[in-house]
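Novice: Sequences and hints are given; from them, build the entire structure.
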Amino acid sequence: MTNKIQWEFPQALEDEAIYILRETAAQFERPAILFSGGKDSITIVRLAQKAFYPGKVPFPLLHVDTGHNFPETIQFRDWLVESLGLDLRVRYVQDSIDQGKAQEETGKYASRNALQTVTLLDAIEELKFDACIGGARRDEEKARAKERIFSVRDEFGQWNAKMQRPELFDMLNGKIQLGENVRVFPISNWTELDVWNYIRRENLQIPSIYFSHEREIIERDGMYWPYSPFLNTTEEETPFRQKVRFRTVGDMTCTAAVISEADKLEDIISEILEAKISERGARIDDKRSEAAMEKRKQAGYF
Amino acid sequence: MEVLRITTSGSVDDGKSTLIGRLLYDTHSIPQDKMEALHAASKRKGLDFTDLSLLTDGLVAEREQGITIDVAHIYFSTPSRKYIIADTPGHIEYTRNMVTGASNAQVSLILIDARKGIVEQTYRHFFIASLLRIPYLVVCVNKMDLVEYSEARFNQIVEDFQELIANATFKAPSIKFIPISSLYGENLATRSEKINWYSGESLLEYLEQITFDHADSSHPARFKVQSVIRPKTDAYHDFRGFAGKVVSGHFNVGDEIISLPSQQKSRIKTIEQFETQLTTAEARQSVVITLEDEIDTSRGSMLSKPENAPALLKEIAAQVCWMDQTKLVPGKTYLLQHGVNRVKAKVQQIQHVIDVTSNKIVEDKKELGLNDIGKISLKTASPIFADSYDANPANGAFILIDEMSNSTVAVGFVD
Numbered sequence: 001m002t003n004k005i006q007w008e009f010p011q012a013l014e015d016e017a018i019y020i021l022r023e024t025a026a027q028f029e030r031p032a033i034l035f036s037g038g039k040d041s042i043t044i045v046r047l048a049q050k051a052f053y054p055g056k057v058p059f060p061l062l063h064v065d066t067g068h069n070f071p072e073t074i075q076f077r078d079w080l081v082e083s084l085g086l087d088l089r090v091r092y093v094q095d096s097i098d099q100g101k102a103q104e105e106t107g108k109y110a111s112r113n114a115l116q117t118v119t120l121l122d123a124i125e126e127l128k129f130d131a132c133i134g135g136a137r138r139d140e141e142k143a144r145a146k147e148r149i150f151s152v153r154d155e156f157g158q159w160n161a162k163m164q165r166p167e168l169f170d171m172l173n174g175k176i177q178l179g180e181n182v183r184v185f186p187i188s189n190w191t192e193l194d195v196w197n198y199i200r201r202e203n204l205q206i207p208s209i210y211f212s213h214e215r216e217i218i219e220r221d222g223m224y225w226p227y228s229p230f231l232n233t234t235e236e237e238t239p240f241r242q243k244v245r246f247r248t249v250g251d252m253t254c255t256a257a258v259i260s261e262a263d264k265l266e267d268i269i270s271e272i273l274e275a276k277i278s279e280r281g282a283r284i285d286d287k288r289s290e291a292a293m294e295k296r297k298q299a300g301y302f
Numbered sequence: 001m002e003v004l005r006i007t008t009s010g011s012v013d014d015g016k017s018t019l020i021g022r023l024l025y026d027t028h029s030i031p032q033d034k035m036e037a038l039h040a041a042s043k044r045k046g047l048d049f050t051d052l053s054l055l056t057d058g059l060v061a062e063r064e065q066g067i068t069i070d071v072a073h074i075y076f077s078t079p080s081r082k083y084i085i086a087d088t089p090g091h092i093e094y095t096r097n098m099v100t101g102a103s104n105a106q107v108s109l110i111l112i113d114a115r116k117g118i119v120e121q122t123y124r125h126f127f128i129a130s131l132l133r134i135p136y137l138v139v140c141v142n143k144m145d146l147v148e149y150s151e152a153r154f155n156q157i158v159e160d161f162q163e164l165i166a167n168a169t170f171k172a173p174s175i176k177f178i179p180i181s182s183l184y185g186e187n188l189a190t191r192s193e194k195i196n197w198y199s200g201e202s203l204l205e206y207l208e209q210i211t212f213d214h215a216d217s218s219h220p221a222r223f224k225v226q227s228v229i230r231p232k233t234d235a236y237h238d239f240r241g242f243a244g245k246v247v248s249g250h251f252n253v254g255d256e257i258i259s260l261p262s263q264q265k266s267r268i269k270t271i272e273q274f275e276t277q278l279t280t281a282e283a284r285q286s287v288v289i290t291l292e293d294e295i296d297t298s299r300g301s302m303l304s305k306p307e308n309a310p311a312l313l314k315e316i317a318a319q320v321c322w323m324d325q326t327k328l329v330p331g332k333t334y335l336l337q338h339g340v341n342r343v344k345a346k347v348q349q350i351q352h353v354i355d356v357t358s359n360k361i362v363e364d365k366k367e368l369g370l371n372d373i374g375k376i377s378l379k380t381a382s383p384i385f386a387d388s389y390d391a392n393p394a395n396g397a398f399i400l401i402d403e404m405s406n407s408t409v410a411v412g413f414v415d
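Chains A and B are the protein sequences, given in the same order.
For the first sequence, the UniProt record's numbering assigns the number 1 to the initial residue and increments by one for each residue that follows.
For the second sequence, the UniProt record's numbering assigns the number 1 to the initial residue and increments by one for each residue that follows.
What the hints contain is simulated information worked out from the structure, not anything from laboratory work.
Keep in mind that a hint or two might mislead.
Simulated coverage check for chain A against chain B, where a stretch passes if three residues somewhere in it have a Cβ under 8 Å from a Cβ of chain B [stated by the list, open to error]:
{"#": "1", "stretch": "54-64"}
{"#": "2", "stretch": "105-112"}
{"#": "3", "stretch": "170-183"}
{"#": "4", "stretch": "247-255"}
Even for Gly, the Cβ is constructed at its ideal location relative to N, Cα and C.
Specialist: Printed below as a string of structure tokens:
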């Protein structure tokens, strides 16, 4: 069987996600959307807009800014917040470092990806969020495949895979003790292809780095790393210009580029259908070990 | 594009994970880098072949113990539909996970090792599929390669299974038997040449042709209200819409409705999906409904039609599957959640406990602990608007929440 072009978005997935977002608004006092500027969180914002229309999106957006973002992502974030009239809160990893709560990594693989967790947990406590809505999907990674829609975290943000609440039919139980919080994953059942088909159907704007563009990159461990002041390079690693695009948007220090000419959504979708590399295969942070994601999730990461 | 949800249940070594891995492989759903990771992981384990089952066994503990301990979700697509597999463990101590995985499924996939035939777990899996009224049952007789693709062996297992079904309280309207070899991909994506005596569809061919009617008018119209949308902006000053989900059946603009628990009636003015005005909404759709009149309706209310509205139940008899380490305490008050509606409920009595392997009542057992299934009676503080699970599964299930721990301790099916 070959993969024919699949343009059609399964509508059941939108209905399910809207139902989950409405449950989140109803069951929690202070829910928020965790917004990274990536395509998954852009999708969440769209779903929230549709779920409560003609009312307003009842959630603020929380962005944990590592300081190592692609400038295009920040630009896009501000444009989206402005055009939809959203309420954006930003908390900075740099502040956590300055307060001595997080320590900058060293060496050529240094990234602030893991440090985000510290800032995120502090922000949840400070802003008293009892539910944080994220765009994580079960198909991204094997530890995420076991994640619930309403995932309870303890005071330290920890995920306990063995103590998860059963979720039956569409009934969601968001009851928690004081100090606990819940991570909510409305697009758990979507795949990367579903997200792209949705972006196409809804005609959503996305940051320009998802499309083919020329940029300075270096080659390391068989992957193309975006060259930036945040990346520690060795003398042998010389940057060169290349037409690339990004399949996921993380930090400039943990997201690898793919060589691509795709500059339209249609081309991106075709590329995914033929892709030889999985989405998170371009995430340098996942390559640290086989259980990298599971370990980060236990510590409070998404 | 349709979404088809499948639950798989199987024993540790009957090749369930291999079957799923193989389906993904044959539908080109495994990207190259994941395939390479599988090669490497298989080599580390000292295997001389690529172990596709490693794809689904996600957690470190599972990889260490070589077992599946939770529900994992796996996704793949064909040009015609999207598939979601809830992969659950088969041991008796994971009955609750099996029930969880099965709760959203339209298809139950039961694996039988051709060498062993029907074993204890087969009875359990069949019992759960029956309890949940899963409409499609697919029995895959696996490891046919190890019985020399014997037709006689396959027929014997089919016969044994038919006997098992004969004693069941509920039979899936559709049962399909397929001889397969998940290790070699026989009869999975494509028809097997080695099993030439079998003329039916391969597993994927069979799944591809399953159809559903979501507007199914044999089920009564039910709409659960999640929230009331009142924007109070200039443009929508008087807007009052009920955001929620069609549970079963369908609603049209102009239909007369009754709201429960208030029992007030009105007519549907509009059905809205964001900026689009719909004329009808069917089961599983998330929409906003506005009414002609201002009637008492809020979160937890249910809209239905006057001619077949659900009864207001305060005394409930139900089958339950207990899901918590702490046993059910008769006389204790729990929180009962039916759809999005929560009420306090007291367990009156445990009537009996069922042995899920034999489908018989366990004599002298009057307590429900983790993974036990039995029948109880409940009394609620205010009415719920449920149908019997048998008549309308989408509106017949509930969960029980322990107010001390906040855990979901049970799922119930209204009698």
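Novice: State for each hint whether it applies.
Specialist: Hints, verified against the model:
Judged by the Cβ-Cβ criterion of 8 Å, the stretch 54-64 of chain A is covered by chain B as claimed, because 3 of its residues qualify and three suffice. Using a Cβ-Cβ cut-off of 8 Å, 0 residues of the stretch 105-112 of chain A lie near chain B, which falls short of the minimum of three, so the contact claim is violated. For the stretch 170-183 of chain A, the stated coverage by chain B holds: 6 residues have a C-beta nearer than 8 Å to a C-beta of that chain, and at least 3 were required. Here the stretch 247-255 of chain A counts 0 residues with a CB under 8 Å from a CB of chain B, which misses the bar of 3, and the coverage is violated.
Comparing the model with each numbered hint stated earlier shows that hints 2, 4 do not hold.
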